[in-house]
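**Q** Listed in order, the protein sequences are those of chains A and P. Just so we're aligned: the first sequence equals residues 76 to 759 in this note's numbering. Just so we're aligned: the second sequence equals residues 152 to 474 in this note's numbering.
Keep in mind the hints are simulated off the structure, nothing from the lab. Be a bit skeptical, because a hint or two may be false.
In silico DSBU-like pairs for lysine-lysine, Cα to Cα no more than 30 Å straight-line [what the hints assert, rightly or not]:
hint, chain 1, residue 1, chain 2, residue 2
1, A, K748, P, K256
2, A, K663, P, K345
3, A, K432, A, K455
Residues per chain, in single letters:
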Amino acid sequence: MSSEALKKRKGKVLRADGGTPEVKRGRGDGDQQDARVYTEELELEGRDPEQDYNQYKQTCDSLATLMGEIQELKAGGAKEGSTDVEHRRLQSCIHFMNLKKLNRLAHMRLKKGRDQTHEAKQKVDVLHLQLQNLLYEVMHLQKEISKCLEFKSKHEEIDLVSETEFYEEAPEEISRPLLTKEDPHQLTLARLDWELEQRKRLAEKYSESQTTKEKIQKSIEVKKEHLSSLQPGLNAIMQASLPVQQYLSMPFEQTQKQTEVARHLPPALYVLFVQAKAYGQACDKNLSVSISGDVDEAKALSKPPEDSQDDESDSDAEEEQEKTKRRRPTTGCQLDDKRREMLRRHPLSLCLDLKCKDGSVLHLYFYYLINLNIMTVKTKVSTCTDLSTAISAGELLNSETLLNCLYSNDQGQETPNPANRYQFDKVGIVTFADYVSELGHPYVWVQDLGGLHFPGDAPEGVRVGSALSASHMEATMKLLRGRLQSRLALHKQFTSLEHSIVPVSSESQHLFPAKVISRLARWTTIGHQDYMDLTFTRHATNVGLVKEADLFFMAVVERGTARLQAAVVLNPRYPEVSPLFSLSLNWKGEHSGCTDDNLRAMESEVNVFKSELQGPHPGHQLLTNQLARLCVCLDVYLETDGEDNSVEGPREFPREKMCLRTVRGPNRLKPFKYNHPQGFFSHR
Amino acid sequence: MGPIELLHMSVFSQSFSPCGKYLAAGNNYGEIALFSLSAALGPDANELSQKPILTFAAHEGPVFALLSTDSHLLSAGNGEISAWSWAELIKKNVKAAWTRRPNYKSSLEIPEINAMAINPADNSLAVGGGDNNVHIMDLENGVFKSVLRGHTDYIHCLSVRERAAELLSGGEDGAVRIWDTRTSQCVHCVEVYKYETCARPQYGKWISCLTTDSDWMLCGGGPSLSLWHLRSMSPTSIFPLSGCQRQATFYQDVILTVGEGQCVSHCLMGGEVKAQIPCTPHSINSLAINTNSTEHRVVTVGGSSDHIDVFTNLSYRAFSLRF
Numbered sequence: 076m077s078s079e080a081l082k083k084r085k086g087k088v089l090r091a092d093g094g095t096p097e098v099k100r101g102r103g104d105g106d107q108q109d110a111r112v113y114t115e116e117l118e119l120e121g122r123d124p125e126q127d128y129n130q131y132k133q134t135c136d137s138l139a140t141l142m143g144e145i146q147e148l149k150a151g152g153a154k155e156g157s158t159d160v161e162h163r164r165l166q167s168c169i170h171f172m173n174l175k176k177l178n179r180l181a182h183m184r185l186k187k188g189r190d191q192t193h194e195a196k197q198k199v200d201v202l203h204l205q206l207q208n209l210l211y212e213v214m215h216l217q218k219e220i221s222k223c224l225e226f227k228s229k230h231e232e233i234d235l236v237s238e239t240e241f242y243e244e245a246p247e248e249i250s251r252p253l254l255t256k257e258d259p260h261q262l263t264l265a266r267l268d269w270e271l272e273q274r275k276r277l278a279e280k281y282s283e284s285q286t287t288k289e290k291i292q293k294s295i296e297v298k299k300e301h302l303s304s305l306q307p308g309l310n311a312i313m314q315a316s317l318p319v320q321q322y323l324s325m326p327f328e329q330t331q332k333q334t335e336v337a338r339h340l341p342p343a344l345y346v347l348f349v350q351a352k353a354y355g356q357a358c359d360k361n362l363s364v365s366i367s368g369d370v371d372e373a374k375a376l377s378k379p380p381e382d383s384q385d386d387e388s389d390s391d392a393e394e395e396q397e398k399t400k401r402r403r404p405t406t407g408c409q410l411d412d413k414r415r416e417m418l419r420r421h422p423l424s425l426c427l428d429l430k431c432k433d434g435s436v437l438h439l440y441f442y443y444l445i446n447l448n449i450m451t452v453k454t455k456v457s458t459c460t461d462l463s464t465a466i467s468a469g470e471l472l473n474s475e476t477l478l479n480c481l482y483s484n485d486q487g488q489e490t491p492n493p494a495n496r497y498q499f500d501k502v503g504i505v506t507f508a509d510y511v512s513e514l515g516h517p518y519v520w521v522q523d524l525g526g527l528h529f530p531g532d533a534p535e536g537v538r539v540g541s542a543l544s545a546s547h548m549e550a551t552m553k554l555l556r557g558r559l560q561s562r563l564a565l566h567k568q569f570t571s572l573e574h575s576i577v578p579v580s581s582e583s584q585h586l587f588p589a590k591v592i593s594r595l596a597r598w599t600t601i602g603h604q605d606y607m608d609l610t611f612t613r614h615a616t617n618v619g620l621v622k623e624a625d626l627f628f629m630a631v632v633e634r635g636t637a638r639l640q641a642a643v644v645l646n647p648r649y650p651e652v653s654p655l656f657s658l659s660l661n662w663k664g665e666h667s668g669c670t671d672d673n674l675r676a677m678e679s680e681v682n683v684f685k686s687e688l689q690g691p692h693p694g695h696q697l698l699t700n701q702l703a704r705l706c707v708c709l710d711v712y713l714e715t716d717g718e719d720n721s722v723e724g725p726r727e728f729p730r731e732k733m734c735l736r737t738v739r740g741p742n743r744l745k746p747f748k749y750n751h752p753q754g755f756f757s758h759r
Numbered sequence: 152m153g154p155i156e157l158l159h160m161s162v163f164s165q166s167f168s169p170c171g172k173y174l175a176a177g178n179n180y181g182e183i184a185l186f187s188l189s190a191a192l193g194p195d196a197n198e199l200s201q202k203p204i205l206t207f208a209a210h211e212g213p214v215f216a217l218l219s220t221d222s223h224l225l226s227a228g229n230g231e232i233s234a235w236s237w238a239e240l241i242k243k244n245v246k247a248a249w250t251r252r253p254n255y256k257s258s259l260e261i262p263e264i265n266a267m268a269i270n271p272a273d274n275s276l277a278v279g280g281g282d283n284n285v286h287i288m289d290l291e292n293g294v295f296k297s298v299l300r301g302h303t304d305y306i307h308c309l310s311v312r313e314r315a316a317e318l319l320s321g322g323e324d325g326a327v328r329i330w331d332t333r334t335s336q337c338v339h340c341v342e343v344y345k346y347e348t349c350a351r352p353q354y355g356k357w358i359s360c361l362t363t364d365s366d367w368m369l370c371g372g373g374p375s376l377s378l379w380h381l382r383s384m385s386p387t388s389i390f391p392l393s394g395c396q397r398q399a400t401f402y403q404d405v406i407l408t409v410g411e412g413q414c415v416s417h418c419l420m421g422g423e424v425k426a427q428i429p430c431t432p433h434s435i436n437s438l439a440i441n442t443n444s445t446e447h448r449v450v451t452v453g454g455s456s457d458h459i460d461v462f463t464n465l466s467y468r469a470f471s472l473r474f
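My request is simple: use the sequences and hints to build the entire structure.
**A** This is the structure:
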């Protein structure tokens, strides 16, 4: 670089000399050139920039003055080339030369400065790189150190005996107190040694105990064998004693067998079995209990839970395999299986037979649903006499509805166990009611008898197990018997009602006058929807007295042209809950109990003042007496109507009943109340 | 009281307490229930405030008539009148202040009392009912001082014309009799069913509602409800209402009337039916207007239901009080 620069400089110098540069350059290529070169660089070092600057200023000033003089002169009329001017021009040229040199020097100085800066910068870069390397190294080392510090030895997890204990117990050759007191590392090693020693000893002890255990087991087995060898002998003795038992009428054997089977009953059925048996022995000789079903299957079910767990895991594994191997069966099929599994019954069931005095028997079959943890019941009625078939009585002894609402609102359609809801959701069962006909009804009282308690809406004293069962046994058995008797009584009554005869027993004779002209014309059963569709039952349905579980009937009472329709709601708990009558009279227009005050009074005569009609306890004659009173009331209604004397001709219904007054009170009611010995009708 | 009894309940009579805050209602089971209007009309009224604050058995038979004096509630049952102190009833003390029986002749059946009216002029109580006679009792000493005889069938309703010192009675025999209270003599007898414009033979001839206001009288029942001018003794307007009316009353410039049919009818004096406001009972026995208290100014209606409808505004049913 320097040589080039030199050349340039030289060139410039030469040029400054004036003349044609090319010729001069060609000449300048000679040897002497070096010698002639005067190094401006050296000169540069010797000069002070400050001085140069001053010189530059002076030069500029003198140039300016010279120019000014030249101008003056020229203005003064000096001719071109006059000496004064020429002289000054020369001087100016010198000054220009000087200026040029100064300029060159300034450039060189700048260049030099730049070079220096560059060098210094490179040096700094190198140093910086070194620094970074060192820092990285430091960091790496620190990491290594922390790794080492964090290292965990396995021995730390071992629970060692405490230090003091170690020194007390360990023998000298292991503890080596001299060495270990000072050095914690040695101490730890020693303690580990001691631990190993101790563990070895314990392992020895363990194997010793194992052998003694085996010995004892062997001896037990020997003894067991001995005991079982006694069994056949005992059996022989039992067999031999059977005739004696029979002779003495002590059914030990039979009860024993039953108890043996009962052991395999699920807890709920077992509770019921025990309680029912106890109740039967203590209070009710007509109650008998028996167990039916496959005992072997039940035995298999009640095996220790270990096996079943294994089974489950196995089957799970199999299922997995199946899934991978072949195509999965359709989801519907799977769901069906799952549902069936969920609704599975315990193979054993309990049969309770309730005998009534007239020889009819109520059979109750209790089942236990394993996976739902609820009990269900199915019923059957057998009567000694063949019941003549009344059409309207069909529902009465229907096993589906026979025990409906034994306790109020207990329809046995929905499962009482709240947990079942979630189980059903899983397998897509909408409601248990769909399965009731197959599985039986899960009435709440059934759960109570089985000692199962599910928290309901109304919190009460919570008892579970046998106590719960025992507390419900007596009441429920009485209710069951009452239900059967009332249904049988109704069955009999319906038969005659269908023949348009209202049976009135001798006990109830005094409730009605001797002569009743209105007659029951028809007695039919109707459906819930039919009942709801009737207009004249609106007031009863609106206040919620009618439920779907009730039985509905239509009675038609006729006299002459008058036709009285009575829609009857028979609660399953009849006669405890009395039947509800709604009336509609078709005579001189359509009247109904909703709109006509007198028909409303007739309704209340049968619905409200029913206590007079109950007859002998427990009131099985209520319904027929209500119907009989309805006929009487219709007579009164018709005979007292049409007071208007202005109408000519004979009355359709001549007054035969004796009434004190035909109308009374602001709403002009007719006298519907019959007074027995005197035989007249009065108002309430 | 079971649901079936409630289903077959009828409300026959109503009366407001002197303070206007309570309503007493009598039903067909001989019970009187006390409702608190201030609670039921209050801003924080709920289901419970529509139930009675007190229910008590007052009589054997239905309570057909209730009436309030300044201090007592008079109730009429089967042939007897009982007085209950309002102050005690509000404190829920149920004890009759007194019980009186008019002197009845018949023995087989005790006649019912269908109507009571107070004549403030001589502080006497007129009682009409099943024995076809009006009995006048002096409220000062509880003595039955006179009997007005004339009706041939039982008496449905009574009305006092204080300014003219007259008592009007309407009965099952279809006659409206006007009695002079000073002489206990019958001064007039109007047999409404004989007027062709009023008669409705398909129903009958009885008069079951009767009310007076200065020279005007409203009466109806078997015959159509009609407005009569008493000085000329002639019907001026006949109201074209179906069914028998059981109670009618003048209220401001309209006539409110109830009876068979599930509505309260508003009639104008001219004879037009202005409106029929539906309500709960299928047939209505009693309508009462509370004029004793301005803040509880309501109209209540009771009939063949355990509900008593309350109208805070005449044009719609606000809510029901329930037995």
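**Q** Evaluate each hint against the coordinates.
**A** Taking the hints in turn, this is what the structure says about them:
1. Using a Cα cut-off of 30 Å, the hinted pair A:K748 and P:K256 holds, with the two alpha carbons roughly 22 Å apart.
2. Restraint check for A:K663 and P:K345: satisfied, since their Cα atoms lie roughly 25 Å apart, inside the 30 Å limit.
3. Between A:K432 and A:K455 the CA atoms are separated by roughly 17 Å; this keeps the pair inside 30 Å, and the hint holds.
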